[in-house]
Amino acid sequence: MSGDTILKVSDLRVEFAGRRSSTAAVRDVSFSLGTGKTLALVGESGSGKSVTSLAIMGLLPRAGRIARGTVRYRGRDREAVDLARLSEKAMRRMRGAEIAMIFQEPMSSLNPLFTIGDQIGEMLKLHGDPGPAERRKRVLEMLELVEIPAAARRIDNYPHELSGGMRQRVMIALAMICKPALLIADEPTTALDVTIQAQILDLMRRLQGELGMSILFITHDMGVVAEMADDVAVMYSGEIVEQSATRPLFARPSHPYTQGLLVSIPQPGRPEGERLVPIPGTVPPPHSMPPGCAFSPRCRYASQRCDVPVALVEARAGHMVRCIKTAEIAAHA
Amino acid sequence: MHETAAAPPLISIRNLSKRFETPRGTVHAVRDVSFDIPRGSITGLVGESGSGKTTLGRALLRLIEPSDGQTFFDGIDLNTLGAGAMRAMRRRMQIIFQDPVSSLNPRMRVHEIIGEGLRAHGLGDRRKRRDMVAGLLAEVGLQPDHMSRYPHEFSGGQRQRIGIARALALEPEFIVADESVSALDVSIQAQVLNLLLEIRDKRNLTMLFIAHDLSVVEYLCDKIVVMYLGRAVEIGDAGPVYRAPAHPYTRALLSAIPIPDPERQANREILAGDIPSPLSPPSGCVFRTRCAHALETCARGEPGAHAVSANHTAFCKRIEELA
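One line per chain: the protein sequences are D and X, in this order. Under the UniProt record's numbering, think of the first position of the first sequence as 1, with each following residue one higher. Under the UniProt record's numbering, think of the first position of the second sequence as 1, with each following residue one higher.
Here chain D stands alone, though its shape is the one from the complex:
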């Protein structure tokens, strides 16, 4: 693990136990997140992007387990640990202090019975309590940092007294209060209106600059990816199908799924009358996965050759693609 990498996931496989057999929701996932950088994990429902983030945090539901792979994290003390092998007790010390997470729906992540000040302060209590007076002072500073207006009054509000955008700011304050080195943001703006989303993305960028944290950004929105990420991993049906720095990925999308995704999104300012090109069909259910490439049933380039497992290979320097036809498709385009 090189010095400027904070998180290195290698060959991760997550399985969920079913009644008869188990299903692999995440397969063969590897990526690195550079210190101070933002990596976007992008994909649709069932792509495995959220399961990947829960596996990193050690928060998989009971039926799920990491079946293979390592999650190397380089902490504050500069010593790398494998989060996948950490005890629950050690993991609990990591969460909040080293690695924090924010979710899509702030209302369901906040406790309705406690004031926001108490909930944010609770994090400080868990990680070396500085005492009530200092706690309140630091919570107030944090609320001001995330730009909650009239923070001195808001600190004693309950979650239901805040708007959706304010609640997401509270979630960010809660995540940032112990100054974590890594923030995992799982669709943090998906439930918000577009003008509020712009505020929150702006805030996250500013905090990243000021606090130097690294962000693993989980999203389905290619627009948010283009705006926020340094690097991108596109997931489909539990696997990474394409991975590169953000600009090259948008300039030369190389996997048929990424290409399909980009032409199926309505973009502002497209020529009038031009129809979107949808990806036909739907994601295969986990119990009837095709034998080879998971995207092949929906792929316009698919042939029998695609019915064998496909590896993620480097198509160009730093640009990884999981498709045996990358060269042909590039020539075709």
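Rather than coming from a laboratory, the hints here were simulated on the basis of the structure. Watch out, some of these pointers could steer you wrong.
Computed spacing ranges between beta-carbons, pair by pair [unchecked claim]:
id : chain 1 : residue 1 : chain 2 : residue 2 : range
1  : D       : Leu113    : X       : Lys202    : 37 to 43 Å
2  : X       : Leu197    : D       : Gly212    : 44 to 50 Å
3  : X       : Met86     : D       : Pro284    : 25 to 31 Å
4  : D       : Glu314    : X       : Ser34     : 56 to 62 Å
5  : D       : Gly212    : X       : Ala299    : 41 to 47 Å
6  : D       : Gly18     : X       : Thr80     : 58 to 64 Å
7  : X       : Glu153    : D       : Ala67     : 29 to 35 Å
8  : D       : Asp307    : X       : Met108    : 35 to 41 Å
9  : D       : Leu59     : X       : Arg24     : 35 to 41 Å
10 : D       : Gly209    : X       : Leu322    : 27 to 33 Å
11 : D       : Gly18     : X       : Glu153    : 15 to 21 Å
Quick reminder that beta carbons are idealized off the backbone N, C-alpha and C, glycines included.
Starting from the structure of chain D, add chain X where the hints point.
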């Protein structure tokens, strides 16, 4: 497809308002909104949470009773019709909901769901209705043998297709689609958007498409109505509104859309704060508390309609200075 001088609009909404009485006071969910929906066109109604767009869609179909104003459907004021006459009119207008899961009865088979309206209006016999359902399924891209299945056997995109087939069953002239693609993954969303365009072209349908996603609305719609806090703030043909938005709110809204192209990152106009409470909306222009261009005059008196160009109106006192 577009409005011509000869054809009067299918829908004309005039000064429509909807108030809700709550223990904490009166909520003006929709206030004095007027616009036309030209025949065979798709008009987009956009706005963020709390803008009143969903309430407006329902009030104009009289799924909830409007507090004031008129809705003319093909020249008939719906709000003057009695229950029997309204029921007969309902055949001509339908709604497609956002959530294809909760809007389909899980205990009914697909042919019962789609054929329910036909049965309620006493159209055809059992066999005839089955044939009609088979035809509707084919039209929305499903298989005739899907009709004996239950909703849970379908994916989200397929369920939305069932909702569309149900809406089409009575051959309506007008459809309100309320956030009908918002719950779908993007690769599926494009399928459903193209289906809506096909159906519009084939049946010459008139549609009100309610959505918060401005890129989707730009793709689908011929005309746009932008709402903020219960008011229409900008109304116009889609091209001009998107290319040259006149109202400061529309400008901020459009500049906030994340563009899926790292080379084209726009200079964002980031609005401060949140939408105010509809219990105590600001005096004068409802947007003034978040508007970077607000003057003292904006607090006094309603902004009124200002023509930007033909078929393009903005409700802002300062549009000439800001242009």
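Here is what the structure says about each hint:
no.	hint	result
1	Leu113/D - Lys202/X: 37 to 43 Å	54 Å, violated
2	Leu197/X - Gly212/D: 44 to 50 Å	47 Å, holds
3	Met86/X - Pro284/D: 25 to 31 Å	46 Å, violated
4	Glu314/D - Ser34/X: 56 to 62 Å	59 Å, holds
5	Gly212/D - Ala299/X: 41 to 47 Å	43 Å, holds
6	Gly18/D - Thr80/X: 58 to 64 Å	59 Å, holds
7	Glu153/X - Ala67/D: 29 to 35 Å	30 Å, holds
8	Asp307/D - Met108/X: 35 to 41 Å	39 Å, holds
9	Leu59/D - Arg24/X: 35 to 41 Å	39 Å, holds
10	Gly209/D - Leu322/X: 27 to 33 Å	32 Å, holds
11	Gly18/D - Glu153/X: 15 to 21 Å	19 Å, holds
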